[in-house]
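Asks: Sequence:
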Amino acid sequence: MIYNIADQLAELGLSREAVHFQKILIISENLSGRIIGYSYEKLAYYYLIGGDLVSAEKVLDYILKYHPDIRTSYKNNLYLKLGTIAYLNQEYKKSLDYYLNLDFLEWSSTILNPFLGEPISINSARDLISMAIWRSKSSFKAVDALKSVSTPKNLTEDDLFTRLRIVQILMNDEPDVAGKMATEITFLAQSKGWKRVEYASTLLNGFIHYKKNDLRKAIIEFTKAYGILRTTDPIYTEEWIRLTGLFYSHKESKSLKTVKGALDQAVSIMILRRPDDMLLQLKNYLPVVYGVREFTDAAIQYYAVHGHTMELLGFLSRLEQKESMGNSAYPNTLVSIIDTSRRISSFRGFYPGPKEHLTSVRSEIRQTEVIRLLEESDPFRNQEIKKSHIPVLSVFVRDKRTYVFWKQGNSQELELKEIPSESASSFTVQVVLKSLIESLYKKDNVQIYLNVSGMESFDYLKKEFPEIDFRFFTRFSKKNDNFKSERIYVCDCNHTDDLPNTNFEKLPSHILKEINC
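Residue numbers (this note's numbering): 853 to 1369.
Mixed in with the good hints there might be a few duds.
DSBU-like cross-link-like pairs, simulated, lysine-lysine; straight-line CA separation at most 30 Å [claimed, not checked]:
1) 1295 to 1330
2) 1047 to 1005
3) 1032 to 1064
4) 999 to 1106
5) 1032 to 1135
6) 1063 to 1252
These are calculated hints, taken from the structure and not from any lab test. Since the structure is predicted, the reported quantities are computational estimates derived from the model, not experimental observations.
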């Protein structure tokens, strides 16, 4: 077997293949009577970057149970990883149970921060523990635990982060106290030249000012944060957090010229990188109430209310595509490399060895492939919907609301119908769909965006208007004339008794890769 083939596959983003070959290696080691914790740690890492947190946890737990004569410092390393995995999986009580097994009397510089891949101090480990206490018990107990942490005479940046965690926990219940603490931390960090904690405290202070409706100060903090790290520390910088703060603050201050710019940039980052709430809470002190879901809802509402119909269509189509492309939906395809690559960058401290894999040639190949996959899978890239002379219908359902986008063939205007319904098959949505088709001057062809809601709409409209040729498309860019139309095949579930025979039927419509202009 090729030396380190599992590592090489993981560097390419092929996490499942890495798991397979690492298991083969472990079996060969076990047959020789050895249980090597390092090999199991690698297996857990491959599971983790593949998105299988449960299996990663089981493997690390197996080392603790069956590896003979484990050193205390090595146990600390495993318990820190286990507690972090459980937290990311939103199992807060289990996370706390793991963390409480840490022995701070036997701490080692070889124990790494799970996200940064740098040595982690005892106070920084306690900082992580406080989050598990907060989410599993109460904010008061978490703050008490952090206050009990002794601050050394020679203050370090890690020690200051412990105070910042108190600010994060207190900001909802006591924003005034939290704000004063954040300001003090920022000034102290500036005097010491500690850029990371200054950056994190500035962002957190921005959210505190926003919560207190002091929008001018919030905007100043979020704007100032950009100049603290800029591009000098890409491992720690999270531009998405800063941009969402600017969006919220400008939106409430009615500064509409600036708000859309911040929103568009935050949406772009969100589509490319899919921020993880749990990770950002632990690593970057993101307030719990300003996560991905809250931002998504606010972005959709803003685009809809202010008439940015094209931007809303692009956001919803890309968001739906991104969610459907998660590893759970495409477990054995190249598409999974996108999320795997993101996790490799996020979980630097979980790999049990040197970090050359982050800068290797194979890592560069993976990143190039990710860019290609993102471009290829983007349904809204180079969109030309306004140029279409054939009517275009797109339907999306999100959070108990249905969004119907409609463009007449003889118009460049894109209409939006927002309906309080959680199904495209509901009566209220069907009434709207029927009225749109009836409004057509020329009833011969209609293009429907291919997603679940689109197929439900197609099913209804084809029955209501059998004389119209309804066609699906999967991309809003212009149709390539060289592209061959294909028919959709769906399973005929009424004849499942005869599975060996063909039980797939053709839908009476063509599927086009691009929009037909």
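Asks: Please go over all the hints and tell whether each is borne out by the structure.
Replies: A quick look at each hint next to the structure:
1. At most 30 Å may separate the alpha-carbon atoms for a hinted pair to count; residue 1295 and residue 1330 meet this at roughly 22 Å.
2. As the CA atoms of residue 1047 and residue 1005 are separated by approximately 20 Å, the hinted pair is consistent with the 30 Å bound.
3. In summary, the hint linking residue 1032 to residue 1064 is supported, as the alpha carbons are separated by about 13 Å, within the 30 Å threshold.
4. For the suggested pair residue 999 and residue 1106, the alpha carbons sit about 40 Å apart, so the restraint of at most 30 Å is broken.
5. Annotation: proposed proximity of residue 1032 to residue 1135 holds, straight-line Cα distance about 22 Å (limit 30 Å).
6. Our distance criterion of 30 Å between C-alpha atoms is met by residue 1063 and residue 1252, whose separation comes to about 27 Å.
In summary, the one numbered hint that this structure violates is 4.
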